[in-house]
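Engineer: Here's the letter readout for the chains.
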Amino acid sequence: MMKNRGIGLKLILLILTSVTLIFFLIFGYNYLFSRRIIIKNVEKNARNLAQATVNRIDMVLRSVEKVPKSLAYFLESSSYSGGDMIDLLHSVVENNPEIYGSTIAFEPYAYSRNSLCFAPYFYKCKGEIEFKYIPYEYFYWDWYQIPKELNRPAWTEPYYNVGAGNIIMSTYSVPFYKTVLGKRQLMGVVTADISLSWLQEIIASIKIGQTGYGFLVSKNGTFVTHHDEHLIMNETIFSAAEARADARLRELGREMIRGKSGFVPFSSLITGKKCWMVYTPLSSSGWSLGVLFPQDELMADITNLNRIVIFLSLAGFLFLLVVIVLISGSITRPLRALAEAAKDIATGNLDIELPTIKSRDEVGNLADSFNYMKSSLKEYIKELTETTAAKERIESELKIAHDIQMGILHKIFPPFPDRPEFDIYATLEPAKEVGGDLYDFFFMDDDHLCFTVGDVSGKGVPASLFMAITMTLIKTKATKGLSPDKVLSRVNEDLSMDNPSMMFVTVFFGILNIRTGELEYSNGGHNPPYIFHKNEDIEPLEMTNGMALGVVENFSYQSKKIVLQKGETIFLYTDGVTEAMNEKEELFSEERLKKDINALKDKPIQEVAAGITEKVKAFSQGVPQTDDITMMILRFYGRD
Amino acid sequence: MPRYKIILCLVLFLFISVEAVAGEKALKKVFFIPQWVPQAQFAGYYLAQQRGIYKKYGIDLTIIPGGPDSPPLDFLKSGKAGFGTLWLSTGIQMRAKGIKIINIAQVLQRSALMLVAKKSSGIKSPQDMNGKKVGLWGPIFQIQPKAFIKKYNLNVKIIRQSFSVNLFLRDGVDVASAMWYNEYHTILNSGFNPDELTTFFFHKHGLNFPEDGIYTMKDTFQRDPDLCKAFVKASIEGWQYAFAHPEETLSIVMKNLQKEHIPATWVHQKWMLDRMKDLILPEDPNIPMGKLFAEDYDRVAKGLKDNGLIKEIPNLTFFYRECISHDEK
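Chains as they are written, first to last, in this note's numbering: chain A, 1 to 640; chain B, 1001 to 1329.
The following block holds chain A by itself, in its conformation from the complex (with noise of 0.2 angstroms):
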């Protein structure tokens, strides 16, 4: 997919990506962590103020549950009358302005003997003190019963007092006992009873945010106080939390009346908003204190803050995406030109404007690169043309060379078709380039034919040149009554005079005595021509131990002598036969040569040299022919 997307887009994609991806681990941890600060500092403020407000109600019920203990203090230690008894416990109350009321309740008969009841009863009605006997069988009422059983002081559950105009209250009762014979016998018990009216303010005062809030549960889990009036003295935590179907509530219900304090997840009983909830236990009476934190509240500082930064980071966002826009864009706008202009080059139109790029960044040196190319694949074209202007002249001159020089030689064949005393044939396969081999014939005077075969050093131009001026020379200088030797003199002589290139060319030339078949030869360093004897082998002529024309000036050539039996034949050539490759760099040789000849020999003339030429052709098998390949056949017959 990617890959035939431009630039542009990979780097927005990959960029964004990354981008983003580094933003929401960042924010996640930012998050998470800032969340976890927070919540430890809401968990310690939580439990500070949890711990103050418990520590200011349990000073209060601690120092009402003194007057009562002191009362029983005194009532066991010290003999008293009923006077002093009911004395003492109307100043209890009058001076205890928590005290909303105190009794001092005897067991059974305890106080005398005629009465089951005996209970004077001090409470606070309408701002006066009023007094009674308590006048029910109390002995199974809880703030009596519970103390006496567990034998320890205890607060009540919280209970509404209808008489004191419907406020909750609770009392602490002290047990009082008496030594009789040593043992201690429970005489009855010293209550307090105290309106909870100013701890319903103490946590009423509680306000954490918009709705956060304090309450706090009886022993049973009875709500005392709470936001919501209906639960107060109606419902328990765990009715709250049967209500709800929730085990959560109802074990963390459990927590609080048994007494332990914590710091939990709550989901508010009012709105069911998030909440932490702080709990901690009254010391005094066991009653449990929670306070509700409101998380979207607490939070709120976070979640604005997140809110901030998911803004601030969604602009930095489209600032980037602008940005690589732009970057994208000022690298890929000129790239696309360039890859146009690019396009057009290839279609051969140079002349092109490449467009202007001004930056000096790597795609202004790719554009500079692009135009240098530009200019010298232009140049280059340019000299290419002209270059291929001079060559294809160059070429053309070298094919008209090669044209006169192949005119310089004998192409009509039979040349002599009045002379029936011998045949002669010759052929020049030139190779590419133009050669340097060289044949010719002529007659010196009416029975002398003279021949020759020649190969100058190197190729091309020079040799031809050099071709041409040998034959030229050996022509003029082959004078009637000369020896082939003194031909081959003087005209070694001519060439090595002016020499500076120092070309040579190897020259056979011979004579040949028409009439009688004497045959006069003299071998510049050229290949021995082989001569075919009747019914014999062929054999090549005796070597002159001459040197190739052209090297040394006064060199000395040696001429020798044969004749020619009738129907006897001369075969001439050049290294361009035996030197001849095939593709595994193998020579024709000599030896080859020899044999074809031997196969050949009593043919025609003109189907010996095309034999051979055949043979050579196919032993190099298409290798591209490096040298002229010269045959010249020359078939004596004699005069009948």
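These aren't lab readings, by the way, just hints derived from the structure by calculation. It is possible that some hints are incorrect.
Unchecked claim - Within a straight-line C-alpha distance of at most 35 angstroms, the following computed DSBU-like cross-link-like pairs (lysine-lysine) qualify:
hint: 1; chain 1: B; residue 1: Lys1255; chain 2: A; residue 2: Lys126
hint: 2; chain 1: B; residue 1: Lys1277; chain 2: B; residue 2: Lys1055
hint: 3; chain 1: A; residue 1: Lys178; chain 2: B; residue 2: Lys1146
hint: 4; chain 1: B; residue 1: Lys1255; chain 2: A; residue 2: Lys274
hint: 5; chain 1: A; residue 1: Lys124; chain 2: B; residue 2: Lys1259
hint: 6; chain 1: A; residue 1: Lys475; chain 2: A; residue 2: Lys615
hint: 7; chain 1: A; residue 1: Lys66; chain 2: B; residue 2: Lys1132
hint: 8; chain 1: B; residue 1: Lys1100; chain 2: B; residue 2: Lys1119
hint: 9; chain 1: A; residue 1: Lys273; chain 2: B; residue 2: Lys1270
hint: 10; chain 1: A; residue 1: Lys183; chain 2: B; residue 2: Lys1100
hint: 11; chain 1: A; residue 1: Lys132; chain 2: B; residue 2: Lys1055
hint: 12; chain 1: A; residue 1: Lys69; chain 2: B; residue 2: Lys1118
hint: 13; chain 1: B; residue 1: Lys1119; chain 2: A; residue 2: Lys260
hint: 14; chain 1: A; residue 1: Lys183; chain 2: B; residue 2: Lys1270
hint: 15; chain 1: A; residue 1: Lys66; chain 2: B; residue 2: Lys1133
hint: 16; chain 1: A; residue 1: Lys183; chain 2: B; residue 2: Lys1124
hint: 17; chain 1: A; residue 1: Lys274; chain 2: A; residue 2: Lys44
hint: 18; chain 1: A; residue 1: Lys459; chain 2: A; residue 2: Lys480
hint: 19; chain 1: B; residue 1: Lys1255; chain 2: B; residue 2: Lys1124
hint: 20; chain 1: A; residue 1: Lys183; chain 2: B; residue 2: Lys1132
hint: 21; chain 1: A; residue 1: Lys273; chain 2: B; residue 2: Lys1133
hint: 22; chain 1: A; residue 1: Lys178; chain 2: B; residue 2: Lys1133
hint: 23; chain 1: A; residue 1: Lys260; chain 2: B; residue 2: Lys1157
Unchecked claim - These stretches of chain B come out as covered by chain A in the derived footprint (C-beta under 8 angstroms, 3 or more residues):
hint: 24; region: 1091-1097
hint: 25; region: 1221-1235
hint: 26; region: 1282-1290
hint: 27; region: 1310-1323
Virtual Cβ for every residue (Gly too), placed ideally from N, Cα, C.
Assemble chain B onto chain A, guided by the hints.
Structural biologist: The following block gives chain B in isolation, referenced to the frame of chain A:
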């Protein structure tokens, strides 16, 4: 139309109108008093009243809320109420004392009274109660526990229990008396889990003393047995309706309690209604609701006699008058 037909129509119309007026007039004004406040324990009566079931049976019913200050027996005796509910044991006791009351329906089939202990106090079987403090209510509530103590030959310290379970919750007693539909749920909703408690249901220990039944004075029954039958049938239909429509029932119960300014919670009333269903519906669905069985009567009466609460066992045939008609079977 012939004239005689018109006359016939007129006569017929007149007859129907008179019938209707007579039907209206036929509603009998009746007062009923349950033992206690209008909690779910008495939901069936209140629902029958609310849904017009009593009217259907020709009764214009007024329910007098019961409570500590209004003992049903007094209302029955004085004629302030025609019908009331009493425990079977109370009923027998009163009858033995010579008060001419009769049971016309035994609504509860099983005893809801139970003993509850905390497992943490080491009580897992009746024998574990030896040497422990057991909280018991007043005399009428002590018959079954005392028979239980006797049955298992226990040596316990009996503590008089008030109507709160706080003494038990604070470990002032090891074993507490509780009504299954009331105090037991209060204990659960004071933070004790069922698996932390050991329960002793008396009906599971051969001490099934079925409780709430409907009572009336003998002369009321003799005067108008059809009214008694109608009242019982309407009451039982009320209970059936209440069990079939718990949500509606509970909202009516809650409304009645609020009217009486009695603190109440929905979950507690729901628990109570569910337990009443367990206690009222006979185990065998072929047995009609509200029947008093001789073996239950004998068991309770014998228990009372053994405890010295009655001297003679009243004759069941004079005590109980079955008012659930046979066509219901």
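Engineer: Against each hint, give a clear statement of whether it holds in the structure.
Structural biologist: Each hint tested on the structure:
no.	hint	result
1	B:Lys1255 <-> A:Lys126	holds, 33 angstroms
2	B:Lys1277 <-> B:Lys1055	holds, 24 angstroms
3	A:Lys178 <-> B:Lys1146	holds, 33 angstroms
4	B:Lys1255 <-> A:Lys274	holds, 32 angstroms
5	A:Lys124 <-> B:Lys1259	holds, 30 angstroms
6	A:Lys475 <-> A:Lys615	holds, 32 angstroms
7	A:Lys66 <-> B:Lys1132	holds, 32 angstroms
8	B:Lys1100 <-> B:Lys1119	violated, 45 angstroms
9	A:Lys273 <-> B:Lys1270	holds, 27 angstroms
10	A:Lys183 <-> B:Lys1100	violated, 52 angstroms
11	A:Lys132 <-> B:Lys1055	violated, 50 angstroms
12	A:Lys69 <-> B:Lys1118	holds, 31 angstroms
13	B:Lys1119 <-> A:Lys260	holds, 21 angstroms
14	A:Lys183 <-> B:Lys1270	violated, 50 angstroms
15	A:Lys66 <-> B:Lys1133	holds, 30 angstroms
16	A:Lys183 <-> B:Lys1124	holds, 34 angstroms
17	A:Lys274 <-> A:Lys44	holds, 18 angstroms
18	A:Lys459 <-> A:Lys480	holds, 32 angstroms
19	B:Lys1255 <-> B:Lys1124	violated, 40 angstroms
20	A:Lys183 <-> B:Lys1132	holds, 22 angstroms
21	A:Lys273 <-> B:Lys1133	violated, 45 angstroms
22	A:Lys178 <-> B:Lys1133	holds, 23 angstroms
23	A:Lys260 <-> B:Lys1157	holds, 33 angstroms
24	1091-1097	violated (count 0)
25	1221-1235	violated (count 0)
26	1282-1290	violated (count 0)
27	1310-1323	violated (count 0)
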